Amino acid sequence: MAGYSRHKDAPYAIVAEYGTPDEILKAANTLREAGYKKVESYTPFPVHGMDEAIGYKDQRIPWIVFMGGLTGAVLGFSLQYYTAVWDYPLNIGGRPLMSIPSMIPVTFECTILFASIGAVVGMLGMNMLPQPYHPIFNTPNFRRCSQDRFFLAVEVNDPKFDDVETKALLESTSPLNVAKVEG
Amino acid sequence: MAAPVMSDRPGLNLAKLGPLGTIVGLIGAGAAAAVAWSDPKASQSYLFAWFFFGMMSLGFLGFLCLHHTVRGKWGLPVMRIFEAGASPQVLIIMALAFLPVVIPVLSGKSSLYEWSHADVVANDPILQHKAPYLNPVFWTIRFVLFFLIWIGISNFLAKSTAKQDETGEYSNEQRRSQIAPPGLVAFFVTATFAATDWFMSLEPHWYSTIYGVWNVVGAGLMALSVTVLIVTTNKDREPYKGLITPKLTKDLGNLLFALTMLWGYTSLSQYLIIWSGNIPEYTSYFVNRRLEGWQGVGLALILGQFFIPFFALLAPRTKAVASNLAKVAGWILVMRLLDSYYMIMPSFQASSRPTPMPQLWDFVAFIGVGGLWLMGFCLAMKSKKLIPTYDERLFEGDGHGH
Numbered sequence: 246m247a248g249y250s251r252h253k254d255a256p257y258a259i260v261a262e263y264g265t266p267d268e269i270l271k272a273a274n275t276l277r278e279a280g281y282k283k284v285e286s287y288t289p290f291p292v293h294g295m296d297e298a299i300g301y302k303d304q305r306i307p308w309i310v311f312m313g314g315l316t317g318a319v320l321g322f323s324l325q326y327y328t329a330v331w332d333y334p335l336n337i338g339g340r341p342l343m344s345i346p347s348m349i350p351v352t353f354e355c356t357i358l359f360a361s362i363g364a365v366v367g368m369l370g371m372n373m374l375p376q377p378y379h380p381i382f383n384t385p386n387f388r389r390c391s392q393d394r395f396f397l398a399v400e401v402n403d404p405k406f407d408d409v410e411t412k413a414l415l416e417s418t419s420p421l422n423v424a425k426v427e428g
Numbered sequence: 504m505a506a507p508v509m510s511d512r513p514g515l516n517l518a519k520l521g522p523l524g525t526i527v528g529l530i531g532a533g534a535a536a537a538v539a540w541s542d543p544k545a546s547q548s549y550l551f552a553w554f555f556f557g558m559m560s561l562g563f564l565g566f567l568c569l570h571h572t573v574r575g576k577w578g579l580p581v582m583r584i585f586e587a588g589a590s591p592q593v594l595i596i597m598a599l600a601f602l603p604v605v606i607p608v609l610s611g612k613s614s615l616y617e618w619s620h621a622d623v624v625a626n627d628p629i630l631q632h633k634a635p636y637l638n639p640v641f642w643t644i645r646f647v648l649f650f651l652i653w654i655g656i657s658n659f660l661a662k663s664t665a666k667q668d669e670t671g672e673y674s675n676e677q678r679r680s681q682i683a684p685p686g687l688v689a690f691f692v693t694a695t696f697a698a699t700d701w702f703m704s705l706e707p708h709w710y711s712t713i714y715g716v717w718n719v720v721g722a723g724l725m726a727l728s729v730t731v732l733i734v735t736t737n738k739d740r741e742p743y744k745g746l747i748t749p750k751l752t753k754d755l756g757n758l759l760f761a762l763t764m765l766w767g768y769t770s771l772s773q774y775l776i777i778w779s780g781n782i783p784e785y786t787s788y789f790v791n792r793r794l795e796g797w798q799g800v801g802l803a804l805i806l807g808q809f810f811i812p813f814f815a816l817l818a819p820r821t822k823a824v825a826s827n828l829a830k831v832a833g834w835i836l837v838m839r840l841l842d843s844y845y846m847i848m849p850s851f852q853a854s855s856r857p858t859p860m861p862q863l864w865d866f867v868a869f870i871g872v873g874g875l876w877l878m879g880f881c882l883a884m885k886s887k888k889l890i891p892t893y894d895e896r897l898f899e900g901d902g903h904g905h
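Chains as they are written, first to last, in our numbering: chain A, 246 to 428; chain B, 504 to 905.
Keep in mind that the hints are not guaranteed to be accurate.
Capping the alpha-carbon separation at 16 Å, the derived lysine to aspartate or glutamate pairs in EDC-like fashion look like this [to be verified]: (1) Lys888/B <-> Asp668/B; (2) Lys750/B <-> Glu297/A; (3) Lys633/B <-> Asp622/B; (4) Lys283/A <-> Glu297/A; (5) Lys425/A <-> Asp408/A; (6) Lys425/A <-> Asp254/A; (7) Lys753/B <-> Glu297/A; (8) Lys576/B <-> Asp754/B; (9) Lys750/B <-> Asp296/A.
Worth flagging that the hints you see were computed from the coordinates, not collected in a lab.
It should be emphasised that the depicted structure is a prediction, and the values quoted were computed from it without experimental measurement.
With the rest of the complex left out, here is chain B:
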């Protein structure tokens, strides 16, 4: 192994992006939410933006629970990124950012969810049948409940690792490994219901039982590729210097690989079952995604979200070289963005989104909600050490000089 080129770049300080995120977030998301109040198209843009960053936070939460469940060595250098990405700060901000979607549902004026209109439900037997579950009040109660559970889990885990860093008390770690596995189960159940409530119900006649897993896998891909991007592009800077070894990037690359395959598996399963059944209630999802350019987007996703990362990550040298893995992670993130757009936008009536051409408010809302997310991430990073010091496994010399 060649000696890594040591640069004298200053230590990594992720929290310094906070003010930028705050300004961009408050202006962008504020403007988008204000326009969304009266303009259905802008509210669609807003929901799309929220989907991307909201699901990404959930992906971080899943990885955080996973790390404290399996306690693998691979998770230690990146654990603080998982923690910040799913921090109570991020989750509270994302919950507040969802209010522009929730309030119209409660007041019966939502342009996004047709099941929230009493007059539509009155004339629709299918929606009447679903009404005991899918009604504005119960939906809002669930929204609050999901976030309380997530914030509870994330708050406990983050506090516990910070405490162990300070005191070195091993009992903290034992407690985490008792909370994290049930937390992981709770995460999967709540994330499935949340995806069903917030995104599947955009097309309320349609349903798919794999939708929850599919979304959780997609969320995991987003969170992991952001993590990989952060650590690989800063591998020569403190505190990552010497920790981002080929072995670690191989582990992270294999995880990306596994999730890519899982994404392909769940996507295909859903499509294949719906295609084989060929029943109108089920096929509506794909019928809505066959108009004009949307079919092209779907085909591009098969290639870009599955085949390209699959073959790229198959090669060991992609995973062993940090800069190569960074490129693949960046590509996956862009594909997640495209897939998010493809999942949300065609749900709305064809009159408002006939083609996949992005519109002004899509950009504003995306940058705005992204800014809010960054603000939460940086707020959480402020009080954290990027590398947990409680686990001596992190500092074991690997003896090969790389």
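Bound conformation, chain A alone:
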């Protein structure tokens, strides 16, 4: 979520590796209940309930999408109003220049277009993507994250982070492996 502009070899996180979605979900719940805030999960496919398990409550994307949609609606409508009523009025079948029914499809499409652009750009921007380098890739065995392994990272900037305690807590959640990762 945040940018990592630290110098090389600074500690980044303690990462635990799991074999099944149920295990990582359980571990994430354990961490949240223990009060950890900076927890990230890396899984081969979306794990249902993971956002709640890691305590993800960010509402910014829905609002960006909503504002994008609103902008699109206003722009789409004004474009048509400007061209059809103001700049180049044409009599089409004797209808009024400002014919709202005929303006709805374009207004609707612009709403969708701007909302989806808002979703994609907002998501990329807030994840600081594209990011050519990320310390999580230093995790041993991380290749299998796109195949059959599930990784849970507790980042060092978590206020509750403690080298020994965090590691012990993660080890108590029966992972396949726990590693301290540096970036």
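Please arrange chain B on chain A, whose structure you already have, making use of the hints.
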């Protein structure tokens, strides 16, 4: 999540409303049907009432087929409500309740359908052209056929889940998932033809190809909002206690949201195409709905049936809190009622319904047919457990304590 307040209310028993429904239904619908025999206005009221509850039953049938097709976990707590709402009991009662409309059509005395009068058809080239399809005998045969198909599907599905509850036999579930998808297709086709036969043909010169979908979506909204109302207002009572989680209300709320958008989409498509074409045969539908107060009703529906529920359901906190979702569902149901009135009543000659002002028989017929529907619903509920026990997914702990 705060611990839910546990109340000691007794377990929910929906079947106990049965006697009330029976009494109100037999008296109200009986009186309305009797008066409708000679009074065209009362027969319009009766058809409106039947439209509301008949389409609602079809909405339940659609959801029942959908649930057994996709077998989603969200459908399990509400499946028995779908089952009862589209039960053979409800469907048989609704079919019988339609007889006061069917018999006059067969005897050529219907005040509702002008195409059923031989002398009108003889002087009308458009109706002559439609006569091979739109004639009283074939229309009645289709009416019987539609109900046989619906009762067949619903009877099979309800029997099968009851049997699986009893024996735990998984083969029942496999069989259902083989029957339900073709059932869903059959439902859409028959419901489209039924809406065309019974309601679009009130204005027999006019037609719209989206009318069927539009009605099915509206029916789905009615059925789903009734379902949501039942489960959200009884969430602390057995057997729903602990099952009506924020996750479930979110799923149901999203479905309401999707149907609301679909309703807006189909309504607008129909209007936009007719408006763009601007051809007299097509525009008659909206011309009939521009008189006096009817235009106001139409505008109110754009706002009330689309924009208000759309923005209300956009917010996650509406869907995650049962009492909020109940309010939205209630609002949608009221709007469906208004929309039903708006779809049926202006179809008749302006002399009989110049303004949207409801008349006495509208109320009597609505309460009466509603009572009959409730009677069927409760009869079906009598022999049902509200929660199916065959699917262990329903009882998986969600582990978060809510």
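Report task. Verify the proposed pairing of Lys750/B with Asp296/A, using a straight-line Cα cut of 16 Å. Result -> 13 Å, holds
Requested in this report: Below or equal to 16 Å on CA atoms is what counts here, so check Lys750/B against Glu297/A.
Outcome: 11 Å, holds
Query raised in the report: Regarding the pair Lys633/B and Asp622/B, is the alpha-carbon distance no greater than 16 Å?
Result: Answer holds: Lys633/B to Asp622/B is near 15 Å, not above 16 Å.
Report task. Take the C-alpha atoms of Lys283/A and Glu297/A, compute the straight-line distance between them, and say whether it is at most 16 Å. Result -> Holds, because 13 Å separates the two Cα atoms, which is no more than 16 Å.
Query raised in the report: Taking 16 Å as the top limit, are the C-alpha atoms of Lys753/B and Glu297/A close enough?
Result: Holds, because 14 Å separates the two Cα atoms, which is no more than 16 Å.
Query raised in the report: Can the restraint linking Lys576/B and Asp754/B be considered satisfied, given a maximum Cα separation of 16 Å?
Result: 10 Å, holds
Query - Proposed proximity, Asp408/A with Lys425/A (alpha carbon, max 16 Å) - result: The given pair, whose Cα atoms are some 9 Å apart, holds under the 16 Å limit.
Query raised in the report: Under the criterion that the straight-line Cα-Cα distance not exceed 16 Å, is the pair Lys425/A, Asp254/A satisfied?
Result: Satisfied, since the Cα-Cα distance of roughly 11 Å is no more than 16 Å.
Query raised in the report: Taking 16 Å as the top limit, are the C-alpha atoms of Lys888/B and Asp668/B close enough?
Result: 9 Å, holds
Of the numbered hints listed earlier, not one is contradicted by the structure.
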